[in-house]
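*Asks:* Listed below, chain by chain, are the residues.
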Amino acid sequence: MVAVGGFLIGIILFAQVANHVHKIFDPLQIKNLVSVKQLFSAKIPEGVPVKLPDLIITTIEGEQLVLKELTSRNRLVVVNFWASWCSPCVEEMPHFEKINRDYQNKNVTFLGIATKDLLSVVRKFIVQKEITYKIAMDDQDKIANAFGGVKVLPTTIFIDNNNRIVKIHKGYLSQRELDENLKDLLH
Amino acid sequence: MAVTKPITRFTLFGGVVVLLLCLSVFPSSGQAPKNKDLVHVEAYASHKRVNSGKSFHIIITANIKQGFHINSHKPLDEFLLPTVLRFNETKGIAFGSVCYPKPKQVLFPFSPNHLSVYDGKISIFAEGKVSRNISSGDINVSGIFTYQACNDQMCFMPESVGFDIPLKIVKAD
Chain A
1 MVAVGGFLIG IILFAQVANH VHKIFDPLQI KNLVSVKQLF SAKIPEGVPV
51 KLPDLIITTI EGEQLVLKEL TSRNRLVVVN FWASWCSPCV EEMPHFEKIN
101 RDYQNKNVTF LGIATKDLLS VVRKFIVQKE ITYKIAMDDQ DKIANAFGGV
151 KVLPTTIFID NNNRIVKIHK GYLSQRELDE NLKDLLH
Chain B
1001 MAVTKPITRF TLFGGVVVLL LCLSVFPSSG QAPKNKDLVH VEAYASHKRV
1051 NSGKSFHIII TANIKQGFHI NSHKPLDEFL LPTVLRFNET KGIAFGSVCY
1101 PKPKQVLFPF SPNHLSVYDG KISIFAEGKV SRNISSGDIN VSGIFTYQAC
1151 NDQMCFMPES VGFDIPLKIV KAD
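Chains as they are written, first to last, in our numbering: chain A, 1 to 187; chain B, 1001 to 1173.
These aren't lab readings, by the way, just hints derived from the structure by calculation.
Check each hint, because a few of them may be wrong.
Over 10 Å on every C-beta distance to chain A, these chain B residues come out as not near it, computed from the model [as the list claims (entries may be wrong)]:
(1) N1035
(2) H1047
(3) K1048
(4) S1052
(5) Q1066
(6) H1073
(7) K1074
(8) L1081
(9) V1084
(10) R1086
(11) P1109
(12) K1121
(13) K1129
(14) Q1148
(15) C1150
(16) G1162
With the Cβ distance kept under 7 Å, some of the chain B side facing chain A (calculated, not the full set) [stated by the list, open to error]:
(17) F1068
(18) F1079
(19) L1080
(20) S1097
(21) C1099
(22) M1154
(23) C1155
(24) M1157
(25) S1160
Straight-line C-alpha distance at most 30 Å; calculated DSS-like pairs for lysine-lysine [stated by the list, open to error]:
(26) B:K1171 x A:K116
(27) A:K170 x B:K1104
(28) B:K1104 x B:K1054
(29) B:K1171 x A:K167
(30) A:K124 x B:K1074
(31) A:K170 x B:K1121
(32) B:K1054 x B:K1168
(33) B:K1065 x A:K151
(34) B:K1129 x A:K116
(35) B:K1074 x B:K1168
(36) A:K116 x B:K1048
(37) B:K1091 x B:K1054
(38) A:K151 x A:K68
(39) A:K124 x B:K1104
(40) B:K1168 x A:K116
Fair warning: this is a prediction, and the values are worked out from it, not measured in the lab.
For each residue, glycine too, the CB sits at the ideal point set by N, CA and C.
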């Protein structure tokens, strides 16, 4: 009995350790990182699917985007969860707009997901701020839930062409940080 | 050799236990605080017993976690969500205008423009007047306090906190 119990506890302990080690040393994360510090800071939080489920996103213009198709057509898809009431989101959007233009020929696509917002307000906002990349609404958190839930804004998620999340950034991204992230991930 | 084997197993087991403890005890550095932990709201009245025909004050205090802020009642940008105190209709009680604290104009690293915000501990006041015709007894003054919190990097979802203040109405002679 003691031996069986010990064996079972051993298996549970090993599984937990293996699970943590696997998450920390995911080759996808290692690929883009150069230091141990960066390795830990870029760790994808628990509950976030590394490989995304099939997801259809309807833009405010009525265009239906199949995320899997979008990612397979591009080297990188950048999904930015934002809201018109979120100051850091509003301030970083011109950076996305500029990068969207700069990276047009590099197979990088930007997608803004308006969170806890009103369609009429979002429409007014994107006209006022001259945002041209695709924007979708996520009133019911369906899109956010597919990404494991979004608790803070802005949250920016980088997805590779295998439909896998390669980086998540929570909080404001400066122009330089965004540019560095893209160069790093496209390297 | 036979003597060292159990020690090696013991050391390995100990190492695994220590590693497990480290992994489970220390949260990841990127973990953000929960929205409900950012602002602690309390509501109370200036009097527990109020005579009919008399006025009383309602005080809402919001204790905002250090390093965070909420928008003021009148943000400087039209898209930002203001802090708002609303009362539910209560029979026999007339609510006066709400008095919000003076906001701070703060510059954050992500923006060249000032934001109008509250931080630290704030108090919001409102006056309630009891009708002359109301009968004696217990009533509840209730309402909703709505805010939206951020720090210097990110914002949290808008939050609404309901409150109830029990009052005893006494018929004036």
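*Asks:* Per the CB criterion, is C1099 of chain B less than 7 Å away from chain A?
*Replies:* violated, 24 Å
*Asks:* Could you grab the alpha-carbon distance between K124 of chain A and K1074 of chain B and see if it respects the 30 Å cut-off?
*Replies:* Within the cut-off at roughly 20 Å; holds.
*Asks:* Does S1160 of chain B pass the interface hint, meaning its C-beta sits closer than 7 Å to a C-beta of chain A?
*Replies:* Given a least distance of 12 Å, the restraint on S1160 of chain B is violated.
*Asks:* Would you check whether the claim that L1081 of chain B is not at the interface survives, using Cβ distances to chain A and the 10 Å cut-off?
*Replies:* Violated, since 5 Å does not exceed 10 Å.
*Asks:* Does K170 of chain A pair with K1121 of chain B here, judged by a C-alpha cut-off of 30 Å?
*Replies:* This hinted pair holds, its Cα atoms lying about 27 Å apart.
*Asks:* Hey, is R1086 of chain B genuinely clear of chain A, shortest beta carbon separation above 10 Å?
*Replies:* Holds: least Cβ distance 18 Å, greater than 10 Å.
*Asks:* Checking a non-interface call: every C-beta of chain A should be farther than 10 Å from the C-beta of S1052 of chain B. Is that right?
*Replies:* holds, 42 Å
*Asks:* Is the interface hint satisfied for F1068 of chain B? The criterion is a beta-carbon contact with chain A at less than 7 Å.
*Replies:* violated, 12 Å
*Asks:* Hold the hint about L1080 of chain B up to the distance rule: shortest CB distance to chain A must be less than 7 Å.
*Replies:* holds, 5 Å
*Asks:* Please verify that the nearest CB of chain A lies beyond 10 Å from K1074 of chain B's CB.
*Replies:* Correct as stated: the minimum Cβ-Cβ distance to chain A is 14 Å, above 10 Å.
*Asks:* Determine whether the non-interface label on H1047 of chain B survives the test: each CB of chain A must be over 10 Å from its CB.
*Replies:* Non-interface label on H1047 of chain B holds, nearest chain A Cβ at 37 Å vs cutoff 10 Å.
*Asks:* Just want to verify: Q1066 of chain B was marked as not at the interface with chain A; is every Cβ pair farther apart than 10 Å?
*Replies:* About 17 Å separates Q1066 of chain B from the closest Cβ of chain A, which puts it past 10 Å; holds.
Checked against the numbered hints listed earlier, the structure breaks hints 1, 8, 11, 14, 15, 17, 20, 21, 25, 26, 28, 29, 34, 35, 36 and 40; every other hint is satisfied.
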